[in-house]
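Protein sequence lines, in the order shown, are assigned to chains A and B. Taking my numbering, the leading residue of the first sequence gets 1, the next gets one more, and so forth. Taking my numbering, the leading residue of the second sequence gets 1, the next gets one more, and so forth.
Keep in mind that the hints were calculated from the coordinates and are not lab data. Nothing here was measured: the structure is a model prediction, and the numbers come from that model. For each residue, glycine too, the CB sits at the ideal point set by N, CA and C. Just so you know, not all the hints are guaranteed correct.
To be verified - Pairwise CB distance ranges, derived in the manner of DEER restraints:
{"id": "1", "chain 1": "A", "residue 1": "Glu35", "chain 2": "B", "residue 2": "Ala97", "range": "38 to 48 Å"}
{"id": "2", "chain 1": "A", "residue 1": "Glu35", "chain 2": "B", "residue 2": "Pro49", "range": "36 to 46 Å"}
{"id": "3", "chain 1": "B", "residue 1": "Val23", "chain 2": "A", "residue 2": "Arg40", "range": "27 to 37 Å"}
Claimed, not checked - Calculated Cβ distances over 12 Å to all of chain A for the following chain B residues:
{"id": "4", "residue": "Ala16"}
{"id": "5", "residue": "Ser25"}
{"id": "6", "residue": "Ala26"}
{"id": "7", "residue": "Asn27"}
{"id": "8", "residue": "Ala42"}
{"id": "9", "residue": "Gly57"}
{"id": "10", "residue": "Gly89"}
{"id": "11", "residue": "Ala97"}
{"id": "12", "residue": "Asp106"}
Said to hold, decoys possible - Non-contacting residues of chain B with respect to chain A, defined by C-beta distances greater than 12 Å in every case (computed):
{"id": "13", "residue": "Asn22"}
{"id": "14", "residue": "Gly29"}
{"id": "15", "residue": "Pro49"}
{"id": "16", "residue": "Ala53"}
{"id": "17", "residue": "Gly95"}
{"id": "18", "residue": "Ser99"}
{"id": "19", "residue": "Asn115"}
{"id": "20", "residue": "Gly124"}
Chain by chain, the residues:
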Amino acid sequence: MSENEFKVGETGPEILTPALEQLLEAAVQVRVSGEGVVLRAGQIVKQDDQEKQE
Amino acid sequence: MTYTVSDPARNAAVNAVTALFNVGSANPGGQILMRSSTTTIATLQMNNPAFGASSSGSAAMDTTGTIQGTVTPSGSSTIDRFRMSNRDGTTIIDGNAGSVATSGADINLSSVVVNQNDVIQLTGLTISVPSTGP
Numbered sequence: 001m002s003e004n005e006f007k008v009g010e011t012g013p014e015i016l017t018p019a020l021e022q023l024l025e026a027a028v029q030v031r032v033s034g035e036g037v038v039l040r041a042g043q044i045v046k047q048d049d050q051e052k053q054e
Numbered sequence: 001m002t003y004t005v006s007d008p009a010r011n012a013a014v015n016a017v018t019a020l021f022n023v024g025s026a027n028p029g030g031q032i033l034m035r036s037s038t039t040t041i042a043t044l045q046m047n048n049p050a051f052g053a054s055s056s057g058s059a060a061m062d063t064t065g066t067i068q069g070t071v072t073p074s075g076s077s078t079i080d081r082f083r084m085s086n087r088d089g090t091t092i093i094d095g096n097a098g099s100v101a102t103s104g105a106d107i108n109l110s111s112v113v114v115n116q117n118d119v120i121q122l123t124g125l126t127i128s129v130p131s132t133g134p
């Protein structure tokens with residue numbers, strides 16, 4: 001292995017770092033976006049009662 | 001440093017993540033846990049498959065049949081985070097404190113203070129990968 005080739009090998013990790021950073025950043029940028037409602041237990045009972053009455 | 005992610009790459013990433021919720025056999029579908037710190041307050045079961053195909057880097061949860069769960073702990077609880085797992089209960093996405101709130105959070109509920117036997121319904125949820133990075 002020549003001296004130049006060895007130097008390329010040494011600096012390899014530095015050359016790869018930006019690409020790896022991009023991949024890592026992309027990996028953590030999975031986003032979750034959700035919405036929901038809370039139905040109160042008392043309201044559910046009332047709804048059931050209304051349905052029975054109807 | 002900034003970068004742009006193509007739509008095919010975004011879709012591939014999203015589809016790879018959403019497919020993980022369908023893995024396993026213990027439950028009919030993956031699960032979303034509404035939690036107060038480390039305590040599970042309600043377990044919502046997803047459909048199988050849980051999500052539709054990703055388009056423009058975003059996939060919507062299949063809400064067919066209503067995605068809901070009943071609050072099980074007695075008394076009052078305050079939900080502050082969520083966890084999404086596959087059918088065997090293996091965690092896929094774990095929300096930190098504050099990831100569930102009434103606004104500005106990853107999952108926004110009409111209220112985070114719940115009582116036993118209340119029912120939590122998720123009306124929509126998407127998983128996405130943005131087209132641009134920081």
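Hints and how they fare:
1. A:Glu35 with B:Ala97: 38 to 48 Å: violated, 19 Å
2. A:Glu35 with B:Pro49: 36 to 46 Å: violated, 21 Å
3. B:Val23 with A:Arg40: 27 to 37 Å: 35 Å Cβ-Cβ, so the 27 to 37 Å window holds.
4. Ala16: Ala16 (chain B) is in fact no farther than 12 Å from some Cβ atom of chain A, at 10 Å.
5. Ser25: holds, 25 Å
6. Ala26: holds, 23 Å
7. Asn27: Answer for Asn27 (chain B): holds, closest chain A Cβ roughly 19 Å.
8. Ala42: Per Cβ check, Ala42 (chain B) is inside 12 Å of chain A; nearest 9 Å; violated.
9. Gly57: violated, 9 Å
10. Gly89: Correct as stated: the minimum Cβ-Cβ distance to chain A is 18 Å, above 12 Å.
11. Ala97: holds, 15 Å
12. Asp106: violated, 5 Å
13. Asn22: Check passes; 17 Å lies beyond 12 Å.
14. Gly29: Given that every Cβ of chain A is farther than 12 Å from that of Gly29 (chain B), nearest at about 16 Å, it holds.
15. Pro49: holds, 17 Å
16. Ala53: holds, 16 Å
17. Gly95: Given that some Cβ of chain A is not farther than 12 Å from that of Gly95 (chain B), nearest at about 7 Å, it is violated.
18. Ser99: violated, 8 Å
19. Asn115: violated, 6 Å
20. Gly124: violated, 6 Å
Going through the hint list in order, the structure does not satisfy hints 1, 2, 4, 8, 9, 12, 17, 18, 19, 20.
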